[in-house]
Structures are given as structure tokens and as C-alpha cells.
Amino acid sequence: MRPLHRWSALVLVFLMTLAACQPAAAPPATPTAPAPPAPAATPGATATPGTQGPIRIGAPFNLTGGLASIDVPAANGARLAAEEINAAGGVLGRPIELLIRDTKTDPATAATVVTQLIEQDKVVAVIGFTDSDYVLAAGPICQRAGIPFITVGATSPRLPGQVGDMLFLAPFGDNVQAAVGAEFAFERFGKTAYLLWDKGAEYTTVLAKYFKARFTELGGTIVLEDTYQSGDKDFSAQIAKVKALPQQPSFYYISALPDDVGTIVKQFRNAGITGPIVGGDGYDTPLLLQVAGPAAENVFFTTHSMLTADSPNEQVRKFVAAYKQKYGTEPEAVFAALGYDTVYILAEAIQRAGSTDGQAIKRALESLRDFQVVTGVINYSPQSHIPQKGVTVIEVKGGKFTLAAEQVPQKVPTP
Amino acid sequence: MQAIGSPEFWIQQLINALGLGSQYALMAVGLAMVFAVMRLINFAHGTVMMASAYIGLLLLQRGVPFPAVALGAIAGAAALGVLLERIAYRPVRGAPDVALLLNSFAAAVLLENLAVLLFSPRSRPFPMPALLTRVLHPGGNLFLPSIHLWAFAGALLALGGLAFFVTRTRLGLAMRAAAENPVAAQLLGIEIGKVTLLAFAIGSAMAGLAVLFWTAHVGTINPSMGFEPVLKAFVACVIGGFGTIQGAVLGGYLLGALEILLQGFLPSGIVGYRDALVYGILILLLLVRPGGVLGYLEAERV
Amino acid sequence: MQLVSPTRWGWIWTLRALLVLALASAYLAVEREGNAYLKRLAILFLINLMLVTSLNLFTGFTGVFSLGHVGFMALGAYVSAILTLPVAQKAVNLPDLPAPLASLALPFLPALLLGGSAAAIVSLLIGVPTLRLSGHFVAVATLGFLIITHVVLINAEAFTRGTRTFSGVPPYTTLGWAALWAALNLYFAWRLKHSSLGLQLMAARDDPWGARGVGVDIARTRLIAFGVSAFFTGVAGGLWAHFLTAFSPNAFYFSKTFEIVVMMIVGGMGSVTGSALGTLLVMVSTEVLRNLESGLSIGSLTFGPLYGLSQIGLAVLLILLITFRRQGLLGDRELRLEAIAERLELWLEKWKAALEISRARKADPS
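Protein chains in written order, with my numbering: chain H, 1 to 415; chain P, 1 to 302; chain Y, 1 to 366.
Please note that a few of the clues may not be correct.
[Claimed, not checked] Taking lysine-lysine pairs in the DSS-like style, the calculated list, with each CA pair at most 30 angstroms apart, reads:
hint: 1; chain 1: Y; residue 1: 362; chain 2: Y; residue 2: 350
hint: 2; chain 1: H; residue 1: 411; chain 2: Y; residue 2: 90
hint: 3; chain 1: H; residue 1: 397; chain 2: H; residue 2: 191
hint: 4; chain 1: H; residue 1: 122; chain 2: Y; residue 2: 39
hint: 5; chain 1: H; residue 1: 122; chain 2: H; residue 2: 326
hint: 6; chain 1: H; residue 1: 324; chain 2: H; residue 2: 397
hint: 7; chain 1: Y; residue 1: 350; chain 2: H; residue 2: 209
hint: 8; chain 1: H; residue 1: 243; chain 2: H; residue 2: 122
Hints in this document: simulated from the structure, not taken from any laboratory.
Please read these numbers as outputs of a predicted model, since none were measured by experiment.
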């Protein structure tokens with residue numbers, strides 16, 4: 001029993017040391033916020049749901065674990081926007097305090113964190129997550145507490161129906177961009193398509209399904225359908241199947257996550273497949289050009305807007321430059337811009353509502369019209385909590401992203 | 001779709017299987033080396049690969065020429081392996097296998113999260129020289145990425161070199177002796193500690209080499225990139241027979257062939273079950289031949 | 001038990017009363033309004049406790065490592081969730097569900113029991129061939145099972161929606177349900193450990209040849225432990241599903257496996273009370289570290305956000321534990337109130353004696 005004794009003492013000391021380290025009063029997330037009055041106060045004590053002090057916004061993201069490469073850019077974008085807003089004087093004369101929390105790619109942690117944000121930190125609204133699993137784990141908690149929740153990147157069009165009226169989407173639904181992808185490619189390239197998607201991720205699966213629905217509805221044929229597993233990095237078996245087709249299809253629709261896009265395009269092109277490759281907003285990452293290089297020519301993808309440093313849109317140019325200055329890299333994925341926009345959308349709604357009351361913010365969001373952000377124009381209504389944005393189609397030409405089309409789908413597959 | 005049965009398709013899939021198999025074989029060799037000496041399934045092998053890739057990228061960004069980058073990455077992997085042995089494994093020598101296994105799990109989690117903190121979780125491009133990324137077109141519709149050839153040569157060289165090392169050199173013989181009977185080896189004057197360290201250094205250097213070829217094929221690196229490879233290496237070792245270098249290489253090729261075969265020939269409705277079939281076959285193999293195809297390790301039955 | 005002195009019994013009953021009181025007041029405190037955060041953690045603790053205890057019930061008692069238990073958890077979660085999902089929800093979310101299931105919405109308890117039974121049946125199917133193998137190989141085979149389960153969940157879209165989130169599960173799991181099942185699980189594990197079956201299992205673990213010599217059918221006893229363990233893991237999965245109400249196959253994979261294995265190792269393999277201790281310690285330190293991640297200050301030093309700190313802390317804790325105290329906090333022993341009472345009594349006597357000596361000294365300074 002002796003060693004046990006020693007050990008439990010050690011563990012106790014360990015825990016006490018941890019407990020002794022007080023959480024910092026001002027998370028470095030918002031360095032431009034005015035210094036809080038009492039430096040040693042715990043978050044629970046400084047929480048002021050009233051009309052003074054910073055406006056607290058919960059921002060849970062999966063900053064570690066499997067979704068980190070998508071969520072970190074989103075959180076970075078959100079942090080950048082909060083700093084800009086605070087530098088410009090804040091909202092309702094008060095600074096925004098963005099409480100960025102890591103939920104570790106674990107839905108149980110996500111639910112716990114959101115509960116804590118609402119109950120202890122007294123946040124007035126929640127933004128975050130790029131995957132439906134987490135939105136659906138955390139959404140009902142916000143719904144019950146009457147706290148508005150804008151998801152940064154989860155694109156399943158069924159989310160508002162599943163969670164309730166406090167949930168809003170910052171991006172368009174996947175059915176919208178898949179429809180545009182299908183219509184654009186059908187017009188421009190022809191009636192036959194090859195379809196490949198990542199079977200291990202929700203976004204890629206949903207996108208592929210909506211694409212297929214709209215493309216076959218238009219009268220197109222999928223000549224070959226294939227899948228891969230998340231984590232696969234060798235696509236030679238899939239490529240050999242494509243090459244064995246008696247006749248190559250008009251184009252190749254490949255639904256992939258940002259991390260895999262460059263690898264897939266590179267391996268397809270290396271094998272001598274030169275036809276147009278079409279995809280979704282997962283392609284909107286510098287990795288596509290960096291990894292695939294010249295092989296990325298003749299790649300088309302649907303996304304929110306042209307996020308390049310030489311974009312004709314000044315708001316976009318400003319965002320890209322600010323992001324690069326702060327994080328030392330161009331926005332890694334379109335989620336960076338969505339995170340940035342989400343904070344601006346919420347700030348605008350709070351400003352218009354004139355208060356931080358959940359219902360007031362919700363009503364202000366529902367009446368938001370023609371609000372210009374980096375990823376397009378935002379329109380919500382009480383009937384639709386998914387913004388009705390136009391879709392941008394980008395073509396890789398001459399080693400950079402160029403605008404191929406901007407269009408609204410003629411028909412959207414039912415969610 | 002009649003072309004799927006054509007000889008050209010078969011040849012292409014054979015090339016793919018050999019290429020992927022070579023990659024897996026290289027990953028598995030290092031794992032087998034460590035297992036032979038320590039009875040440890042070193043789950044941190046994959047994170048050593050990841051760390052080695054980041055060392056390579058850091059060197060590359062400093063403008064170091066590519067051959068030096070490759071050497072630096074391999075040396076860095078070996079050094080990290082030695083460090084892990086000293087910190088995480090040596091203190092628990094003689095403990096049940098499970099303790100070692102868990103320590104390697106913990107080391108893997110630790111290194112991966114450290115990498116997230118240091119480098120951020122985003123994927124980064126890893127530019128490789130044209131020598132490694134060129135694609136050959138040997139005729140017809142066939143294509144042969146040169147990285148397949150490199151990996152094939154690497155696997156052969158590793159197999160030959162390590163076989164020579166463990167059968168012809170003093171140190172190698174000492175290593176085998178330590179692997180087979182540590183107590184007797186110690187009585188004969190072999191320093192087990194030194195031999196273990198050496199096995200770790202070589203095994204981790206192999207991880208460094210493997211990740212070089214793998215990265216050339218993939219094009220990007222990120223902190224969690226080590227997970228899939230170590231799983232594949234592990235399965236390859238189990239298939240081939242745990243603890244032997246020939247077993248690891250053979251297992252790598254068998255796994256590569258199996259994956260390509262299933263991915264290439266299953267109809268699109270059930271191709272999603274590919275990995276379930278791979279692991280189903282693995283379990284069947286364990287039941288029929290627990291020691292693996294080449295294994296000397298005789299499984300006790302209860 | 002006759003050897004226990006009456007005063008000792010007094011101590012034991014006092015301790016028991018204190019324990020019950022502590023649990024009851026914890027329950028009441030958590031149930032109060034405004035403690036939703038603590039309540040979530042408490043429910044999560046009880047579910048994790050079930051997962052760890054039932055893993056321990058197999059792995060700790062038999063010494064055979066199972067890496068596939070999270071697969072049983074997934075089975076329990078999906079089976080019970082499909083069974084309780086309201087019919088209207090099914091029509092929307094699972095349109096391809098076969099006829100008898102599509103028009104069926106069971107209450108919570110039968111769904112949980114069926115989920116646990118499904119896990120138990122599958123465990124027997126894979127246990128019969130694989131449990132005859134020795135330690136390492138069972139670990140590999142169960143790892144294979146975990147991966148196969150994952151792939152099947154992703155592909156059986158008619159039942160699981162594939163990778164898309166399975167949502168709309170009714171939130172039936174209350175603190176009471178979780179506490180009830182966790183208590184049942186602990187009780188079962190405790191009884192099993194101290195039954196003849198438990199003794200056979202541990203004999204086979206410590207000395208397989210000797211155990212066989214005295215007529216223990218190792219494969220059969222292992223299979224029973226595997227089945228019971230899978231049943232409770234499946235029930236825990238069902239509770240988890242009705243607690244979170246939305247999940248996808250990715251929730252039941254390697255990181256969850258690692259989490260419960262660590263909890264088991266920290267507490268001690270083969271110890272029921274150790275499972276509780278390990279789960280508590282790991283959850284508390286994870287939660288404390290997680291709250292520090294977003295920035296902390298020690299005195300005048302401030303550290304920036306260090307996301308991933310809790311995983312790193314846990315890994316370091318595990319390495320330290322395995323290096324310095326390989327058997328975990330308790331090994332395969334138990335924290336027993338009898339033993340605590342005994343120590344308390346001894347300690348009190350010593351203290352009394354010391355007091356008397358000092359009094360005697362005071363009275364007679366020479």
C-alpha cells in the first residue's frame with residue numbers, strides 16, 4: 001500500500017498545481033480589447049450579460065484532432081474579424097470578446113464546451129464548427145437556451161430543420177453548389193461524367209449525392225462511380241479504372257476534402273488524364289496550386305467567391321492581405337473567409353438589434369438583406385436560415401484561379 | 001466497361017500493386033526491426049515518419065539542397081527514434097508487452113499534438129525534385145510514376161542490406177541473438193542496451209526513408225500523416241509474420257496487392273467495403289496461420 | 001467476516017453512510033438548476049465509467065487486450081437509436097429502412113437492452129474463433145473488428161445514414177438512468193470478480209498452464225467475460241447515443257478507444273474501484289487542462305492559447321504512470337471500505353498512543 005500512498009499524494013499535488021493556475025482573464029484571442037478591470041478574476045465572475053463590458057461570443061471549433069486542418073483556418077478568420085471590429089470601435093460601443101474553444105473533434109466535448117460557454121461564460125451568441133456532427137451535438141443546447149448559433153462551415157441544407165429556429169448557416173447549402181457544378185459542367189463539357197468521392201466524410205458524400213441527382217436530372221449520365229476512404233493517399237487503382245473506360249467522359253467530378261485535393265489532381269494528371277476536373281469548395285485552397293502545380297490547369301470548382309490577392313472585389317483583397325499579415329500564409333481554405341464573415345454577420349445583427357438579447361439578435365439576422373461580406377451577399381429570412389448566395393465557379397488557368405462564371409442554380413435538389 | 005478485363009488493365013494494376021506494396025514494405029521494415037528486438041509494436045513509428053517529414057521541410061525551406069535534405073530527414077528520424085527509446089521505452093524494459101505498447105501510443109499522441117502546436121494542423125506542400133515525381137509512359141495507355149521504381153529499389157535495397165547486416169556483420173548477429181534470447185545473449189557478452197538502441201536507430205531511419213518516398217507520392221505533409229502508414233505497416237507485419245524483415249516486406253506487397261485488387265475489381269456498390277474485406281482477411285489469416293505467412297512466431301492457443 | 005471486530009463494523013457503517021451521503025448530495029447538487037455543465041460531465045463520467053469497467057471486466061480479468069470495445073459501443077448506440085427514433089423522423093432520415101423497423105419506435109429500456117444484446121451476440125460471434133488465440137493476436141483481431149465495424153457503419157446507409165450525422169435521437173438519458181446502469185455495471189463486475197468464474201479467469205491470466213491443469217476451460221470462461229463485457233459496453237453506447245442525440249461513425253474510432261484504454265490503465269487493470277478512480281482522474285485532469293488551454297496565467301506569466309495541451313498532458317501522465325507505477329493506481333486490488341476502516345482504526349490507535357505518551361511525559365517530565 002505504501003507506493004499507492006506516495007502516488008496519490010503526487011497526483012494530488014499535480015491536480016492542485018493545475019487548479020492553482022487561474023485561467024487568464026483576457027484570452028489572447030482579442031488583444032485589441034480594452035484591458036479587463038480585474039486581472040485575476042475567473043470567467044464566471046466577469047460574465048456580464050447586461051449592458052456593460054465586452055460582448056461575449058462563444059466560438060467552439062475542432063482545433064485539434066481529425067478536423068483541425070479545416071477548423072483552424074475558420075477560427076483564425078473569426079479571430080481576425082473580431083480584432084478588426086474591436087479596432088473600429090466594437091459593437092454597440094462595446095468590444096467583442098471571442099471565446100475560442102477547442103472541442104477536440106469529439107462530439108461529447110463539443111456539447112460540454114457549448115454548455116459551459118452558455119452557462120458559465122454567459123455568451124450572447126455562438127459561432128463555429130464546420131461539420132454537421134458538431135452542429136447537431138451543440139445546436140440543440142443553444143436552441144434550448146435561446147442563444148443564436150451561426151455555423152461557420154457546416155453546409156448540410158437540412159441543419160435548420162433538424163436543430164430549430166436559432167440556427168443559421170453562413171455558407172450556402174451543398175445542394176446549391178452541387179447544382180451549379182452540375183449545370184455548369186453539363187453546359188460547358190457535356191453529358192457524361194465520372195464521379196469519385198471520399199466515402200469517409202459527410203461533406204464529400206453529400207456533395208456527390210446532390211451532384212449526381214442534379215446531373216442525371218439534366219439528362220447526364222454517370223459513366224463510372226467510384227469512392228475512396230478518408231486517409232487514402234494512393235489513387236492509382238481508381239485511376240486505372242478510369243483509364244480502362246472505352247471512352248473518356250466529358251469531365252471528372254471529384255468530391256474531396258481540401259487536404260486531398262492537390263494529391264488527387266496531381267495523381268490523375270500524372271496518369272495522363274487531361275480532361276476537365278470539377279469539384280466543390282473543398283478545392284478552394286492554395287494546396288491545389290502548390291501541390292499539383294501546372295497539373296492543376298483545367299480544374300474547375302464551385303465556391304463562395306474569388307479569394308485571391310488580386311480579386312476585383314476590394315473587401316476580398318483586404319481580407320486576404322490582413323490574413324496573410326496576421327498568420328503568415330494565404331487563407332488555407334475557404335473556411336477562413338467563412339469564419340471571418342460569420343463574425344461580421346453576427347456583429348451586424350447585434351448592431352441592428354440594438355441589444356444582446358437572443359431573440360432580438362435572431363430577428364435581426366432574419367431581416368438581414370443584401371449584406372455584403374467576403375463570401376458574397378447575405379440574405380436571410382424567417383423562412384430560410386441558409387443564405388441565398390450566388391455561386392462562383394473558378395477555373396485554374398495560367399497557374400492561378402480565374403473567374404469562370406457566377407451563377408444561381410436553375411433548380412436545387414431537395415435536401 | 002469491357003476494357004476492365006483487358007491485359008493492359010491488368011498490367012497497370014500490377015504496376016500499381018507493386019508500387020503501393022513497395023511503399024508499405026518500406027514502412028513495415030522499420031516496424032519489424034524494432035519488434036524483433038524489443039517485442040514492441042511501436043505505434044510511434046508513424047509519428048517518427050511525420051517528424052522526419054517536418055525536419056525535411058524545415059531544411060528545404062532553409063534552402064538546403066535536396067540530397068542533404070533527404071539525409072537530414074533520415075538522420076533526424078534515427079535521432080528521434082533513439083531519443084524515444086531512451087525516454088519512453090528503456091525505463092520500462094522487461095515490463096509486459098502491453099506497457100510498452102501503451103507507452104508507444106502515448107508517445108505518438110504526444111508528438112502529434114506537439115507538432116500541431118509547433119506547425120499548426122494545416123497540410124503543407126512538400127516540393128520534391130523532378131527525379132522523384134516524373135511519370136514514365138512505357139507504352140500503350142500505361143503509366144508508371146518513377147516514385148514506384150524508387151520505392152521498389154528502396155524496398156529491395158532495404159531487404160538485401162538488412163539481410164546482409166543481420167547475417168554477416170557482428171553487430172547484426174548480436175542483434176539477432178538479442179532478439180532470440182536476450183538472457184543468453186547477455187551471458188555471451190552482448191550489450192542488450194546498445195543493440196536495442198541500434199535497432200531503434202536503424203528502424204527509425206527506415207521510417208525516414210519510407211516517408212520520403214511516401215511524401216513524393218502524396219505531395220503534402222501534416223501532423224496526423226503518420227497514422228495511416230503505421231496502421232498499414234502494422235497490418236503488413238501481421239500478414240507477413242511479425243518480427244522478420246522478409247515477413248514485413250512480403251506482407252507489404254501482399255497488402256498493397258490486396259488493396260489494389262479490391263479497389264480495382266469490386267463493383268462500385270460494394271467497393272466502400274474494401275477495408276472491411278482487408279481486415280476480414282487479416283482476421284481469417286490470424287486464425288489459420290497466426291504466425292503470418294512467413295512467421296516464426298508460433299501463437300500459443302488456449 | 002467473523003474476524004471483523006464490532007468497532008470495525010461501526011467504522012465500516014460510518015464510512016458507508018458517508019459514501020451514500022456524498023453521492024446523494026452530489027446528485028442533488030448536480031440536479032439543481034443552473035448546473036447543466038456539471039450535469040453533463042457527471043453523465044459523461046457515468047457512461048465512461050461503464051465503458052471502462054466493462055473493458056476492465058474483460059481485459060483486466062483475463063489479461064487479453066481488446067482494442068475493439070468501441071465497436072461494441074457503436075453497435076449499442078446505433079441499434080438503440082434506430083429502435084427509439086420516432087417514426088416521423090425515420091421517414092425523413094432513414095427512408096430506406098426495412099419495413100418492420102420503419103414503423104417501430106420502442107421505449108428507452110427495451111431499446112437499450114436490445115442494443116446491449118446486439119453487441120453481446122456479435123461479441124460471441126467474433127469471440128468463438130478469436131479468443132482461442134493468445135494475447136497479442138486477440139488485440140490484432142479486435143482492432144480488425146473495430147475497423148470492420150467502422151467501415152460497415154459508413155456503408156450501411158439504409159440503417160446508419162453513412163457518414164452523415166445520425167440525428168434526432170430522443171434525449172432519454174438522464175442522470176438517473178446513467179447512474180442506475182453504472183451502478184448495475186459496477187455491481188456485476190464486482191460480483192463476477194469475486195465469483196468462481198472470476199477466480200478462474202484470473203487464475204488463467206496469471207498461470208494459464210496451471211489453470212488448465214486444475215480443469216479451467218480458458219476459452220469458455222473468456223468468452224463469458226467477453227459477452228458480459230460487450231453487453232454493458234453496448235448499453236453504455238445506447239446511453240451515450242441518447243445523451244448526445246447526434247453522432248456519426250467517426251465518434252466510435254481510435255481516439256475513443258485510446259481514451260478508455262488510458263482510463264483503465266490509470267485506474268488499474270483488473271480493479272473495479274480502480275476503473276472508477278481512473279475514469280475520475282483522467283476526466284478531471286482533461287477537463288482542468290482543457291479549461292487552461294485557451295490561455296492561462298501563473299502569477300505574472302501568461303501563456304497564449306495552447307490547444308492540444310490536454311492531450312499532451314494526458315500522454316505525459318500515461319508515460320509517467322507506466323514508467324513508475326506500471327500496474328496503475330490500484331493494480332488489480334480494490335479500494336474496500338473494510339480496508340479503509342482498518343487503516344483508519346490503526347491510525348487512530350497510533351494517534352491515541354502517541355497522545356498518551358506525550359501526556360505521560362507532560363505529567364512526568366523526568
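Hints versus structure:
1. Of the pairs offered as hints, the one joining residue 362/Y and residue 350/Y holds, with about 18 angstroms between alpha carbons and a cut-off of 30 angstroms not exceeded.
2. Taking the CA atoms of residue 411/H and residue 90/Y, the gap is about 26 angstroms. The hint holds against a cut of 30 angstroms.
3. Pair hint residue 397/H plus residue 191/H holds up; C-alpha atoms about 23 angstroms apart against a cutoff of 30 angstroms.
4. With a C-alpha separation of about 17 angstroms, the suggested pairing of residue 122/H with residue 39/Y holds against the 30 angstroms cut-off.
5. Of the pairs offered as hints, the one joining residue 122/H and residue 326/H holds, with about 29 angstroms between alpha carbons and a cut-off of 30 angstroms not exceeded.
6. Straight-line distance between C-alpha atoms of residue 324/H and residue 397/H comes to about 23 angstroms, which keeps the hinted pair within the 30 angstroms bound.
7. With a C-alpha separation of about 75 angstroms, the suggested pairing of residue 350/Y with residue 209/H is violated against the 30 angstroms cut-off.
8. A distance of roughly 58 angstroms separates the Cα atoms of residue 243/H and residue 122/H; the hinted pair therefore is violated under the 30 angstroms criterion.
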